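Student: Listed here are the chains, written in short residue letters.
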Amino acid sequence: MNARSCLADGVALAEAQRAAPAPVIALTEVHKSYGSGAARVAALRGVSLDVRQGELVALQGPSGSGKSTLLNLCGLLSEPDEGRVQLDGADATGWSMRAQTLARREKIGFVFQSFNLVPVMSVFENIEYPLLLSGVDRARRREQVERMLARLGLEQLGLRRPDEISGGQRQRVAIGRALIKRPRLVIADEPTANLDSATATQIIDLMHEAVEQDGASFLIATHDPAMAGRCTRVVCIHDGSLVSDRSGMPAPGAPPRAGASGARP
Amino acid sequence: MKALLYAIKNVQRNRRRSLITLAIAAVGTAAVTIGGGFALYTYDSLREQAARDSGHVIVAARGYFDHDEEKPMQYGLSDYPSLRNRLLRDERVRAVLPKVQLSGLISNGDKSAVMIGSGVDPAGEFHVKGPFLKVLEGDVLTPHPEPGSTPEVLLGADLARSMNAHVGSGLTLMATTTEGTLNAIDVTVNGVISVGVPEVDKRLVLVAVATAQSLLLTDKISSLAVHLKDTGQTEAVAAELRDLGATFSVQTWQDQAFFYEAVRALYNRIFGLLGAIIVLIVAFAVFNTIAMAVVERTREIGTLRALGALPMQIVRDFALEGLVIGAAGSILGVALCALASVGFGLLGVQMPPPPGRSVGYPLHINLNAILFLWTVLLVIALSALAAWFASRKAAARPIVEALAHV
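Protein sequences appear in the order of chains A and B. Residue numbers for the first sequence follow the numbering used here, so the first one is 455 and each next one is one higher. Residue numbers for the second sequence follow the numbering used here, so the first one is 120 and each next one is one higher.
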């Protein structure tokens, strides 16, 4: 995706968003730099972004544009140098590490490009892990994981280990792990990058299903045009600044957005 | 429970490395328990030997333990038969043996040597001493010699060699009597013995109590040695005797077992230091293994942290892995120790004579449940602690850095 085309597509969404529900995650004038002195590199320069419930937001931009930094801030994996991060209306800036961890545990799911499944755990156990962290009792864990396995079409693979299943199946497990706690927000970093197009389509379908069934919101960093094309909103970032914010296909089961999309002020 | 299951699975990830660490823990534990078991056996043996030499409880006249006698039997015990009979009625008591200490000269007619001897009860003394007295030649003293026969004597091996004496040889014992005069009696060698200490074997003479009394011209004895069925009852019996006696003093075998205490202090330090070093080596091995695992699993740590695991939970998981390695290794080590104990027994492995002794002793490892339990707990605790130490930094590392780790 190139920045010029993003810019060309940019139309403001402010009007439509004013009427929408409170954002699940909201970044306000966020700055983030790495290094120090002469080697200091600004990764984000005053970025403002919010993701509302039920949105599937694709984050596009060239390598080094600040996508991962933005995802990390939205996922409460790091903190901004300046600006504010709000999760479900609560200002998460300056939260303690413990508070951030507990917030991630309850409200945020993660899907990684390389799946990042725990190799010694079975498929069942990988999906179960977030429930274990939350102290869900054994019977409820079992019930929820079995339901998730059925939803993912992995009922027969529960006892397999990650290295015994295909890449597509692994990513489905990763999505199952991200969704098992019914998070408010799922952060996905290039979730289809290592998958063939048919499998990638299945993964995108799963995400749409999660939005429909669980009301989850997705913020997805992707280079995949097919994936971006099926997101409800596409945000482009370049050199640490958002350069466009446009609507894509309508949210599953939601009325179409009012107006066209574009760069936000 | 799940965390423990994952810990076991994680330990199996790099089997070779885990097995090596486990082997170090096993060998370390085996070394500690074998060393400890050997020390305990030595303590037991020395305790038994000391108790059999002196009796568990020693009763003597007042002043005997505290003062040097200006003349023989100055602090002798005269009214001992009633006390002896009373003690023999106690179920805890195995034997009550009178002793007469004497010193003087022994002569074969051509040559004289200094002797340090004891008058003992032939009927009970050698039965109680059992394996702690080695008869090299002849036999022990006859319990009930024929009236009018020449008194018998047992000589220490080195003294017998010095006197050129053998079984049947006639010798003369000379000593100062209780009245301060010199007395002598003729004796016949009935046996040659060794207590395993050359310095003692060079001077040792054993005769019957009656023989010693006739040499010293007394009807007193030096002390009564009370031998118990259970060494653990020593303090109780001694305390009861102290309560009884206004006319006599009481000591326990421990009061007289200077060698036992010295060896125990020495072994405690040697085996304690070696044990500490070995356990530290085990801890370092576990630390190294977990540290390598932590580096390899940095990205996984980042993933788990992203999913909502607290650093404390990550550290706990690694500590559990250390615990699994420590537990498996230490239990295997205890099994190795038991195997070694049986093996040494079957092979009849002998230890060389310790300093100051002339005979070795069998290498035996005491299988002591308390020693095993403490060693296993120590190895487990240190392994878990080492793993905790190895993983605590990585668990607190920024998640973004951990996820980017290659």
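By construction, these hints were calculated from the structure, which means they are not laboratory data. Model, not experiment: these values are computed from the prediction. Yeah, the Cβ is synthetic: ideal placement off N, Cα and C, and Gly gets one too. It cannot be assumed that every hint is accurate.
As the list claims (entries may be wrong) - Covered by chain A, per the in silico footprint, the following chain B stretches (three or more residues, Cβ under 8 Å):
(1) 128 to 140
(2) 217 to 224
(3) 421 to 429
Student: Now tell me if each hint is right for this structure.
Tutor: A quick look at each hint next to the structure:
1. Under the rule that three or more residues need a Cβ within less than 8 Å of chain A, the assignment of the region 128 to 140 of chain B holds, with 4 such residues.
2. With 0 residues having a Cβ less than 8 Å from any Cβ of chain A, the region 217 to 224 of chain B misses the three-residue criterion, and the hint is violated.
3. For the region 421 to 429 of chain B, the assignment as covered by chain A holds, since 8 residues bring a beta-carbon within under 8 Å of that chain's beta-carbons and 3 suffice.
Violation of the numbered hints given earlier is confined to hint 2; every other hint is satisfied by the structure.
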